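What follows is each chain in one-letter form.
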Amino acid sequence: MTVNHVIEPRPESSPIDSVVPLDDRQRWLQSVFDRLQRPLSAYALKLLGGDWGRAQDCVQEAFVKLCREERHKVESHVDAWLYKTCRNQVMDIHRKESRMIVNSETSALADLHSRESEPAHQASQSEQHQRVEAQIANLPKLEQEILMLRLSQGLSYKQIAEISDLSISHVGVLLHQAVVRLKKSMAVSDGSANA
Amino acid sequence: MNSNSSADPNAHFESWHLTAYALNELDSDTRQRLEAILANDPALASELAEIQGTLDRLQRELQSSSSATGLDHDRMHVVLNHIRNVSQAESSNETRVASAWYRFRNIGGLAALALAASVLIFFQIQGRPLSSPSTNDLSFATENTPSMSAAPSMSAPDQRFEKSSSMATSVPEVLGELDTADTLSSGKQTDENLWKAEERKKSNESEAIGRDAKVLDASAPEFDSPANTPMVADGLKDPAPILAAESALDAESRALNRNQQDAFSDAIPAAGPESAASGKSLSSNEFGGGANGMAMTPPAPASGGAGGALGYDYQRNGRSEGYALGMQPVSEPARRGRTTERFNIESQGQSQTDSLRRGGIALETINEAVLAKEGSSKGVESPQSKAVELGTSIPDELKANVPSLNRKLSISGDRFDPIPESPFVEAQAQPLSTFSIDVDTASYSKLRQYLIEQNALPSPDAVRIEEMINYFDYAYPGPEGQDPFAAHLTVGICPWDTEHRLVRVAIQAKKIDQESRPASNLVFLIDVSGSMAQANKLPLVKRSLNLLTSQLGENDRVAIVVYAGAAGCVLPSTPGSSKETILNSINELQSGGSTNGGQGIELAYRIAKDNFIAGGINRVILCTDGDFNVGVTGTEQLVTMMKENALSNIFLTCIGYGIGNYNDSMMEQISNQGNGTYGMVDNEMEARRMMIEQLSGTLMTVAKDVKIQIEFNPTRVGAYRLIGYENRRLANRDFDDDAKDAGEIGAGHRVTALYELIPTGAPTRSTPEIDLRYRQPEAPKPATEPAPEIDPARSREWLLLKIRSKQPEGSESVKQEFVLSEGTDASYPGEQLDLDWATSVAEFGLLLRKSQLAQGIDWGRMLARAQECAGTDPYRRECLIMMQKARQLSGR
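From first to last, the protein sequence lines are chains F and R. Note that this note's numbering numbers the first sequence so that position 42 is 42, with each residue one more than the last. Note that this note's numbering numbers the second sequence so that position 568 is 763, with each residue one more than the last.
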């Protein structure tokens, strides 16, 4: 199984949008899907420690559930809703397998990358980049998750709070802790690298 | 956060606010307070700067690492389907109903279709000429006059037609001859390349199969090592005048090259052992780049050009065992002059050439070559004519084109026959076009894997346009009464060349509901060898079988035979009502061991015979990843067995699972020989499609030996070209020969074929006429023999379609005839959409095949049309995505 399973970002006029006249609600769902399927997949993949198939299942299920929701109830916070639903799916899986969330000792992100460790990827990954990854991997799982949601998924504190059932300030605290920790460890490793 | 105050240095703040500030997450109050603090606290400000820096860096790193992929195509489908079926209503209840309906529709797809068909049925006017009005009217009125009056330009070519028709008469003979060589046995044609590759592998103990594959591709440029060029030349000039014809094959010199390869192996018997030896060295050079040990002795040379050896090269799952199981002389009709027989059974992306398919295609190649020669002799401009001229410089061509030789070894190790493109054929000289129909769709599934999962364009030879077109559902109404088929013919402007016409021939087989399906006696023959362990193989087989089991009733019987190291029956024939028993055996299947398909298939047929249901569906269903090791039995025996069983109405369905090393050609041959169907299942959606939606079609044959013959009216049609179906063509005279085997068609199946026509009077883009020394002088036609009068009504006709088929258990064929003339209405609502869709898919295929004969095709226009007619059909919509993807990948 290769990692590149999916269609490249479509040019502005996606065939999906233009083929059949969709009603409002379908158009909305479609746009949400187009916008979020990739970030959600990445997120689920990370939570599941690189288990690609399961991650895909969770994302699919989240979107399917969205289709069953009433639009007015979710529209205002659909991003967080989807992340949260997806996260719940992941939790279900973990529960079923009586594992803690992202409990594998190997870092999820490292796993994610090991899946992309084709020569091309390896070549493009700087040593520094790998160090950063390793440092992120040393963070507590929840901090890793929040870091990802904020920095690579671009979700707001508020959204993250909704997704993770924490208060906004708790999210802020965790994120800050993570950043400070990383700031230190990166300084150390940069220093040793330069030495 | 207690609030108010403005720039109070002592205001309370929490350290996490720094990060939040850097990320612009603070509300304005808090932000202002913090800013005030920062203004007075350089240390804090520098900490903020550091945090900012860290965040920037993290953001960069995380962004680059999350260039993740989205959903894969079948999951994407599931979601898209849900979105499509969400009703406008906001109530979640209604939504559930909608999606439940969709599920129902999915499962009962056929039933729903049948229902729809019955509503539409009165639109269907069978046996009546049909054409789409809009496209038709555009052109025909103007077209008419010149062709009716046999325009002056026709009189000059007349002579040529005379000339070439004498030649044309010889063509069918050649074709006939070729056709008697069934594909399988022609697949046994010697291919020295394979030997070398195999030997090398054996001696390598092939740890490095994958590397081999790469090496092979990479090694191609080394082909021009000086040693072998002369040999190529030898091999060519030596034995065969037929080479000239064969060398005419393809404009792209790559095909020329390929062709020479075929010619080469053909030539071997004639030239004797020496040339065979030189053949070996040719190929060993050709593939020699990474060859470590090619020292293994070639198999015992065959005496008198017959006999040969069987080699098995068998490797699996990374851990590979290369061994020769045995070498056994196999008698081969000497007239066909094949020296060596070989079955190449392998797995996991290894490097061997596709000798089988190459051998198999040699027949096609000659076939093509003859046609091409014919075409070019008449000045219809086809690239082939260039190839003829190039014929003398073959060694160079060979050198230049070795890389493309290896193109057939696709990235995944799948192997495909080279498919030469059909040229235009003059209607005057050869008004008949005959082909056998079967509905396979494996090529399309393959295509999807390449585009969606591997992000790569398929090799042109992996693209079978007819399989792409026939992958989709069209709303063709079925036949009335007892007729096995309905036909719907239309003609329109050819979108890639507006001077040309595009004719669609749509044939719809009788539809039969799941409910009225006769009892079935199914024997599953399941490959449980090591290579099947992958997720998209055996586990998918199990899911497929689970799906199928859910469809069975108490009158049905199921047995399961597995084959690996030894064949064994894991489930004796069991009534379909004992679902639990069946499911248990299915779910206990495990992979492991090597493959011996020969014994397995014997056992499977025996069980099928023992449980034969008269008047029911009796079928062996082979599920494999294509590593069909035919065992020591030998292909001849195997084919004989399949044919015998087909005679006693036990048919075969082959289902290929997984990607990588899928021996497509082998599967197709086996399936065609067994008078069966084959398909590919690479994901659950496809499994569902195969097992449920098409169950009645897959399992129930409504007609066998189905042949299609089209007679073009030369007063209207200057030249024609069948798009796709390259390896389904039959000799014209076989049409009426009931002894000739052809494809079978399942219930409800439909077949669509497209012809590109050059109307008479249209510019033919032909090369200027060359003065031929030996041509008959002008006006040879004696005045005493006036041209036979054609019924004026008939002059309006484009073509006559004849379908010949047998009842599944009959041996006498029946013929149905349909006429396409101008000015007839659409035969059912929405026909134009179907026509447009088929056209778009054909264009897609031609683009992927890099067609030389359809230069006017444009990605943009193709996509635009496809988008207009895709409708809500999820399969078509998925194809749109593939089209879009392919366009990106091809950089257009």
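Heads up, some of the hints might be wrong.
Partner residues are not named here, just some residues of chain F that face chain R (Cβ under 7 angstroms, in silico) [to be verified]:
id	residue
1	R25
2	R27
3	W28
4	S31
5	V32
6	Q37
7	V59
8	Q130
9	A134
10	S152
11	Y157
12	L166
13	H170
14	H176
15	V179
16	S185
Hints listed in this document are in silico derivations from the structure and should not be mistaken for laboratory results. On a predicted model such as this, the values are computed, not experimentally measured, just so you know. The C-beta atom is built at its ideal place from N, Cα and C for all residues, glycine as well.
Hints, one by one, checked against the model:
no. : hint : verdict
1   : R25  : holds, 6 angstroms
2   : R27  : violated, 9 angstroms
3   : W28  : violated, 9 angstroms
4   : S31  : violated, 10 angstroms
5   : V32  : violated, 9 angstroms
6   : Q37  : holds, 4 angstroms
7   : V59  : holds, 6 angstroms
8   : Q130 : violated, 10 angstroms
9   : A134 : violated, 11 angstroms
10  : S152 : holds, 4 angstroms
11  : Y157 : holds, 5 angstroms
12  : L166 : violated, 13 angstroms
13  : H170 : violated, 9 angstroms
14  : H176 : holds, 4 angstroms
15  : V179 : holds, 5 angstroms
16  : S185 : violated, 10 angstroms
Checked against the numbered hints above, the structure violates hints 2, 3, 4, 5, 8, 9, 12, 13, 16; every other hint is satisfied.
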